[in-house]
Each structure stands twice: as structure tokens, then as C-alpha cells.
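Engineer: From first to last, the protein sequence lines stand for chains G and W.
Residue numbers for the first sequence follow my numbering, beginning at 1 and rising by one.
Residue numbers for the second sequence follow my numbering, beginning at 1 and rising by one.
Each hint should be verified, as a subset may be incorrect.
Quick list of in silico lysine-lysine cross-link-like pairs, DSS-like style, CA-CA up to 25 Å [what the hints assert, rightly or not]:
| # | chain 1 | residue 1 | chain 2 | residue 2 |
| --- | --- | --- | --- | --- |
| 1 | G | K124 | W | K226 |
| 2 | W | K286 | G | K260 |
| 3 | W | K98 | G | K7 |
| 4 | G | K103 | W | K226 |
| 5 | G | K264 | W | K46 |
| 6 | W | K98 | G | K8 |
| 7 | W | K153 | G | K264 |
| 8 | G | K4 | W | K98 |
Bear in mind the hints are in silico, worked out from the structure with no lab data behind them.
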Amino acid sequence: MSKKRIKKFILCFASILLSIPIIIPLYMMIVGSFKSLVEAARMDLKLPSKWLFENYSTVIIEGNLLRAFLNSVLIAFTSVTIIVVFSSLAAFYFARNNSKLSKYFYSVYILGLIAPLNIVPTIKLMQVLGIMGTYLSIILLFCATYIPLCAFLITGFIKTIPRELDEAAIIDGCDKFSVFFRIIFPLLSPVIATASIITFMGVWNSFILPLYFLNISTKWTMPLTVYNFFGQYSSSWNLVFADLVLTALPVMIFYIICQKYIIKSMVEGAVKG
Amino acid sequence: MEGKINSVYSPIFLLPSFTIYLLFFLVPTVIGFFFSFTDWNIHLDKISFIGLENFVSIFTKRVIRLAIKNSLQFAIITTIGKNVLGLVLALLVNSAIKGRNFFRSIFFFPAVLNYIIIGLLFTYILHPNGVLNSLLSQFGFGNVGISWIADRKYVMYSVSAVEIWQWSGFHMAIYLAGLQSIPSSLIESAQLDGANAFQQFSRITFPLIMPSFNVSLVIALISGFKVFDLIYVLTDGGPGYASEVINTQIYRTFGEGRWGYATAMNLLLFIFITTISLTLLLFLRKKEVEH
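Full structure from sequences and hints, please.
Structural biologist: Quick look at the structure:
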């Protein structure tokens, strides 16, 4: 028994040890955001001699964070909605139709799971279409990158729903759209939650696509804005930290509330994709 | 009736998503394929076909060869690091220790933060006067004063370490899903047969989590090759070109207006990633066992 106890103690100690490298940077960011310019420049882990809450008000005004937050919200929510609805429609076709055509299209979608986007021709295409730099362009782009993964996930889920359900509905006189929207779609909530979380996290944290595609600063999302803020205030680490805390805050809150689902979804997206 | 049922599953359901996917993924990919054989750039009004010139230049230019080498090195180091650490963390939080749910959330947390937050935090930590060096000197390593990301000797290892730091918890969660699917009766019977901890792991646990291992490996490799954000924020390819990777080169070439060239590099990355991940998946699938 005592041997087991020692083992448990060692494992617990190892876990504490391994979480220190994760806690220190977070602690440093939060504490650093209340320091004065001089104290933050010292780059130590000490507590601030005086807690400066005004760093936050400075950052909110100077850093354009509210605007960026709203941009991120707009882009993320629109993208997630379109992606989830369109992917479910496609998945319904893939899961139920066993024709060659369906299999062919399915493999075309699979390609998008692995292959990276070719950015330069995409930019040119957006320019030709006259939508380069708009919210629409970035939303469509996120759709194109996340539809394959979500369609793939949802297809797997629909395959587990018995076909007899559809058949009964058809006999009762449902047309194809009501079969989907009234019978299948309401049953998809677990997989839609998963797909939404994966897409939301991906879109919310994306840096490379907004960097290439959103060339007007008023449309910037949070990661771009914070990076730009660092460019202007790179010596005021206290303000940079306050900016980082505010940028991390929405995700942190989301994580604290539903971490179980977030972890589960991100893993499912990885494993099944 | 049969016909009526089949007509319900009409390709019309594919239309909305396929239109977007076609227009903003497939079409650019195909256009990109053609443009990578041209001299398409900002200074010329006319685009002309130049054959393989872009590709020849990619493989002969020193900077790009360095970028390819760095990408490979980054992908391999981070894949090993994330998987080893991920597996260790998974075994830890899968054991019956107190507060394992708490540790699980802590370990996973960096995976939900964006690269800008992480990049900037580590810019501060890895600074010559930064937190890492001061901790090292407090633990008796003397005054190290290493500039982890501004010294070409260390820079690739430092950025790899940050990437591993961020994603190990995510890989832990993948392994954990695999570990939790192992029936406890298997482990118990092995214990009864007198297997020690190492034997239990190598003969039972590991073969059974092979599927998780494969997925985790492929994901780590792909994201390693695709790396951009972290390097862009931490080093911007510097010092000099010491930490240039394929995607930072693409961004730079794009910025210079050499579009055909950037597209050619993107095409190479596309071929690279697709081939490696498909071969690996096929090869690894064969090695999985059933229970």
C-alpha cells in the first residue's frame, strides 16, 4: 500500500512540476499588466510595487481593442454559422447518397483537409471579384478552409442515424428539404457543437489569413490588432501585457466555462479528420 | 418508392458548400499550379511562361534551401517533442492522482491561445535579460545571458521549444482519448500475469494507442511544415535568415510582388505536405492492431 502511495506522490509531484512552465508565463502576463513601464522593463517575476489599473484603460483606448473584438465576433459568428449549415447539408448528401458521384465529391473535399491554401492566386481572385479586404472575403475564405473538416465530421455522425427515420418521413409526405431540416438537422446538435467549437477556435485565433486578406486596419481582428499594438509600443511591456490579457480574456472565459467540450471537440476534430 | 427515396438525397444539398469550396479553394489551387510556371510579378504587365525556372531557382537559392531545411528540422523536432511530452502528460493525468482534471485543463490551456499572445510572451521570456535567463542564474547556472532568439545557434531550437510548449497538452488530449478506450481488464490481467510497468506499456498500452499515435504524429508533422505565425512573431525569420521557413519565405516573396515565385513555393509545400501525410497515414494504418 505504501509503495502505491509513494508512486502517487511522485506522479502528483511530476504533474505540479510540469505545470509550472505553463503557469509562469500566464502569471507573468497578468502581473506584468499592472506594472509601471520601468518595472515591466526589468523583466522579473516580482509583484508590482503599485497596481496600475489604468494600464487597461490606456490599452482599450489606444489599442482599438473594442473595435477588434467586434470584428472578431462578427467574422467568427458569421463564418461558424455558414460553415455549420452548409457542411451539414453536404454531409447529408455524402452520408445518404451512395452513388459514384457522391464518393467522388467526398474525396475532393478530403483533399481540403490536408492541403494548404494557395494564398497568392486567392488574393488575385478576390481582387478580380472586387471583394478583396472585405469582411465577406475573409468569411468566405474561412468557409473554404473549414467546410471540408466539418462536412467530414458531420458525415460520420449522420451515418449513425438510421435511414428508416428518413424513409418514414418520406412516406408521410415530406419533401427533401423538410426531411433534412425537420428530421435530420435537429438530431445533429452534438456534432454541430463539436464542429462549431473547432471552427470558432480556429477562426478566432487565425493570424495568417487576416494578415494577408484584411488590409484595412478598421477591419482587423484581435490577433492582428494586438500584433500591431506591439509594433507601436514594443518598449511598454506593461501595456503590451494588458493588451494580451484582454485579447486572451474571451478565450479564457470560454475555456473556463466549457473546457470539457473544447478539449473533446478539438481532439475529435483531430482524430476523425 | 425506392426511386423517390433516392431522389431525396439530391446533389442540390452539396451546392452551397461546393460553390464556396470550388471558388475559394479549388480554383486558386488550380490557377496556382499554372502560375507557378510563369514570371508573374508586380513589375510586369505581361505574364509569360518560363517553364521550371521558378523551381530551379527555389532549389538553388541558398536562403530558400535554408528555409526548407529549417522547416524540415522544425517539423521533426516539434513532432518528436510534442508526442513524447504529450504521451508523458497523458500517462500522468490518466493515473489516479489527485486533481488530475485540474492538471488536464492546465496542460491543455496553451492550445486555445493564439500565436500572437504566445509569441509575445516568449519574446519577453527569452530576452537576454528575460525571465528564463534570470531563472537559470538563480538555479546556479551563473550568468548565462544567452539571447535565445537572437543568436543563430539557438534560434531554431528556441522556436521549436515554444511550439512544443504550446501543443503538448493538445497531443496529451489525443493520447488520453486513446488511453481511456483501453479496457481496464486488459491491464489488470497483465498485472496478474506479473508484467512490470514497462512491459505493460510496451506490450499492451502502446500497441493499443497506435491509432492515437498515428493521428498525433501526422498532425504534428503537418502543422510543423505549415508553421508561420509563431516564427513571424518571435523572430520574423531572423537573425539574418537563420530561422526562415517555407511559409515566411512565401510571405516575403509575396511582399516583394514576385507572385509566380511565391505560388511555386506554395505548390511545393502543397505537394510536400500531401505526399508526406498520405504516405505516413497509409504506412501507419497497416501497423494498427485491433482489440
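Engineer: Does each hint hold? Answer for all of them.
Structural biologist: Status of the hints after comparison with the structure:
1. Taking the CA atoms of K124 of chain G and K226 of chain W, the gap is about 22 Å. The hint holds against a cut of 25 Å.
2. Distance restraint check for K286 of chain W and K260 of chain G: the Cα-Cα separation of roughly 32 Å exceeds the 25 Å cut-off, and the hinted pair is therefore not satisfied.
3. For the proposed pair K98 of chain W and K7 of chain G, the alpha carbon gap of about 12 Å is at most 25 Å, so the pair holds.
4. For the proposed pair K103 of chain G and K226 of chain W, the alpha carbon gap of about 28 Å is over 25 Å, so the pair is violated.
5. The straight-line distance between the Cα atoms of K264 of chain G and K46 of chain W is roughly 51 Å, outside the 25 Å bound, and the hint therefore fails.
6. Restraint check for K98 of chain W and K8 of chain G: the C-alpha separation of about 8 Å stays at or below 25 Å, so the hint holds.
7. Restraint check for K153 of chain W and K264 of chain G: the C-alpha separation of about 39 Å exceeds 25 Å, so the hint is violated.
8. With a C-alpha separation of about 13 Å, the suggested pair K4 of chain G and K98 of chain W falls inside the 25 Å cut-off, and the hint holds.
Hint check: violations occur at hints 2, 4, 5, 7; the rest are consistent with the structure.
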